[in-house]
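> Sequence:
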Amino acid sequence: MLPRRIEDRRLFSTPHALTEWRERFGYSQRQAADAIDCSRGAWAGYEKGDQPIAKCIPLAVAAVSLGVGR
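Numbering (our numbering), first residue to last: 6 to 75.
Treat the hints with care, since some could be wrong.
Each computed SDA-like pair below joins lysine to any residue, with the alpha-carbon atoms no more than 25 Å apart [stated by the list, open to error]:
1) K60 x S18
2) K53 x A38
3) K53 x Q34
4) K53 x P63
5) K53 x S70
6) K60 x F17
7) K53 x W26
Note that these hints are calculated values from the structure, not bench results.
Given these sequences and hints, build the entire structure.
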């Protein structure tokens, strides 16, 4: 496990960062979830901070941001 100060620096690793990314791309929660292949409920939980953000989520968000898989 990484020290907290390093974990916080990971791209798209906080609820606020995910919400900001989604809004910047103009996605609904459903569209964001579909873009990274997770459920809307999981996405909503990540944004609210109700569940920890899985380590693969920031990578998937970064890939979508770069147009990978389109």
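> All hints, please: hold or fail.
Consistency of the hints with the structure:
1. A hinted pair counts as satisfied when its Cα atoms are at most 25 Å apart, and K60 with S18 qualifies at roughly 8 Å.
2. For the given pair, K53 sits about 14 Å from A38 by alpha-carbon distance, which is consistent with the 25 Å threshold.
3. Restraint check for K53 and Q34: satisfied, since their Cα atoms lie roughly 12 Å apart, inside the 25 Å limit.
4. Restraint check for K53 and P63: the C-alpha separation of about 16 Å stays at or below 25 Å, so the hint holds.
5. With a CA separation close to 21 Å, the supplied pair K53 and S70 stays within the 25 Å bound.
6. Pair hint K60 plus F17 holds up; C-alpha atoms about 10 Å apart against a cutoff of 25 Å.
7. A C-alpha spacing of about 14 Å is found between K53 and W26, which places the hinted pair at or below 25 Å, so the restraint holds.
Checked against the numbered hints given earlier, this structure breaks none of them.
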